[in-house]
Amino acid sequence: MRRLTSVACLLALAALALLGGCGEPQFSDAEKKTIASLALNTLPSLKADTTNQYADMPAAAALGSTLFFDAGMSRDGTVSCSTCHKIERQFQDDLPQAVGVGHTNRRTMPLAGVARNPWFFWDGRRDSLWAQALTPLENPLEQAGNRAAFAHYMQKRFGERYERIFGPLPDLSNVPANASPLGSDAEKAAWNSMSAAQQDDVNLVYANIGKAIAAFERSIEPQQTRFDRFAIDLATGAKPEADAAFSAEEILGLKLFIGKANCVTCHNGPRFTDNAFHNTGVPPVDELPLDRGRVDAVTQVQADPFNCLGKFRDGDESACRELRFMVKDGPQIARAYKTPSLRGAADRPPYMHAGQFETLDEVVAHYSKAPLAVEGVSEVHPLDLSERERAALVAFLRTLSD
Amino acid sequence: MASIWRYILAGLGLAVLLVGIVAAVYLMLPQPTPGPDISRSKSTANRLFEASFEPERGVIRQGELQSWLLTLKTAAGAPVEGAAITVSGGMPQHDHGLPTSPQATDYLGDGRYRIDGIKFTMSGWWQLRFGISAAAGSDSVVFNIVL
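Residue numbers (my numbering), protein chains in the order written: chain A, 1 to 402; chain B, 1 to 147.
These are calculated hints, taken from the structure and not from any lab test. Quantities reported herein were computed from a predicted structural model and do not represent experimental measurements. It is possible that part of the hints are untrue.
Said to hold, decoys possible - Which chain B residues stay away from chain A? Per the calculated CB distances, all over 12 Å, these:
1) A75
2) D116
3) A134
Said to hold, decoys possible - Label pairs and their in silico Cβ distance ranges:
4) D95(B) x T359(A): 50 to 58 Å
5) Q93(B) x D296(A): 23 to 31 Å
6) L288(A) x D37(B): 41 to 49 Å
7) N46(B) x P181(A): 37 to 45 Å
8) D243(A) x Q93(B): 22 to 30 Å
9) G124(B) x D286(A): 32 to 40 Å
10) G124(B) x P349(A): 28 to 36 Å
11) D314(A) x R57(B): 22 to 30 Å
12) Q26(A) x I38(B): 25 to 33 Å
13) A238(A) x L65(B): 34 to 42 Å
14) L65(B) x S37(A): 13 to 21 Å
15) D70(A) x E81(B): 40 to 48 Å
Idealized CB from N, CA, C, for every residue including glycine.
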């Protein structure tokens, strides 16, 4: 009888050891694969931008950097790109809606990795980095300038630098001081009084301003974070050391992010974005004008004379496939916004396209509840996360900032 | 004699216990769901055409615009020329459509049509549906792609 019990005990112990040994590895192979796909070391090197022949020219990037920080690039000399895209704040401004010459309707977007985007702005109403840069320059709420004034300013302030990069400036002597097809009534009238050749001249200088700024912005890239160190260790089988080790809460958050909470369906790849547009049921801000997201941007990008199919593009039309094959209609683009990168997000509240949420807790609570969209259909479904799970998701998001 | 039986009985009992535990653990593991039919060649819904669908460069890369080739043959095996092709699709499990609007852009001869502008923005189960109109009539076919 004694022998029997001891044998039984031994067997039971062996069974337990077996279960303990093979039970619950921290991550399944599928999870490991997903985690590896999110790490920064899988970010491919930046592709050439054939639509901007100056994209990788150092002199163009240097001029672009000057222009980016130059408040002279605005109607009243007070606003530059860097007023809203602050270099020490991940190139954003911590405000729910940006403030330039006026109060805008959207939140300033951080710029890390921006040159990798196929679409620009929350709604993607521009299709290249250089065409994007031309928009705030003339937006009455942002820099509030006009393209004729910018062309004159380039000649006066940066003539020599400009010509070394782009070749001779056109003759601007008969171009009105202020003129633009988009400006005030007086500016529009001045624009219409110009010959087509003069308009082309000004548009070309204007496009080149955008191309120089874009060349500068290409150098703004995301930084390695604690998550990336953890992911590399996990992939190589090394035991994460020091701050690369994740707490149990962070591991739970990561598992939820790539599993049950479905975050990774949209926030995927090393930049945590699929570069696509989704309706996630984020409520509009009451005081702001109607904002329908992507559905309105489609017509705007098609009408933009600086888009990829327009005559200011360098290189050939094969670079324009995103524009050519974009979704132009259908219910899925109503109140759809671009999936933002989550790198560095924990350090820069508020969140969403108009700063709707003040904290990451509010963001995660939104996903957990998944309210219906005011227009269109939200793609997110209620997750009913426990308090512990919500906190874990937030803890994980923080590892993308440390 | 009786003691041997007891050993065997105990051994059996433990074995059953072990099997039970292993089965429980197995059941708790995420089950690979039986996937959709992912064959790259099939007959169209009304068997008017034989269709096959392959990435033009051989590999599927998530997040990149890609072109694929749709090859159409009649049931008798002749290449289908001059077909008008419409493309739609989406992710059935996320009830959303395609992130781009792919089009048949070129006819490459031999029943081969280039379908350009395809982008898979996430892993999972995607569907591409083709409406095909040619001399033989109109038909449709759905391809499942799992990333």
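Taking the hints in turn, this is what the structure says about them:
no.: 1; hint: A75; result: 32 Å, holds
no.: 2; hint: D116; result: 7 Å, violated
no.: 3; hint: A134; result: 23 Å, holds
no.: 4; hint: D95(B) x T359(A): 50 to 58 Å; result: 30 Å, violated
no.: 5; hint: Q93(B) x D296(A): 23 to 31 Å; result: 29 Å, holds
no.: 6; hint: L288(A) x D37(B): 41 to 49 Å; result: 47 Å, holds
no.: 7; hint: N46(B) x P181(A): 37 to 45 Å; result: 53 Å, violated
no.: 8; hint: D243(A) x Q93(B): 22 to 30 Å; result: 37 Å, violated
no.: 9; hint: G124(B) x D286(A): 32 to 40 Å; result: 36 Å, holds
no.: 10; hint: G124(B) x P349(A): 28 to 36 Å; result: 31 Å, holds
no.: 11; hint: D314(A) x R57(B): 22 to 30 Å; result: 25 Å, holds
no.: 12; hint: Q26(A) x I38(B): 25 to 33 Å; result: 30 Å, holds
no.: 13; hint: A238(A) x L65(B): 34 to 42 Å; result: 36 Å, holds
no.: 14; hint: L65(B) x S37(A): 13 to 21 Å; result: 19 Å, holds
no.: 15; hint: D70(A) x E81(B): 40 to 48 Å; result: 59 Å, violated
In this structure, the earlier hints numbered 2, 4, 7, 8 and 15 are contradicted, and the remaining ones agree with it.
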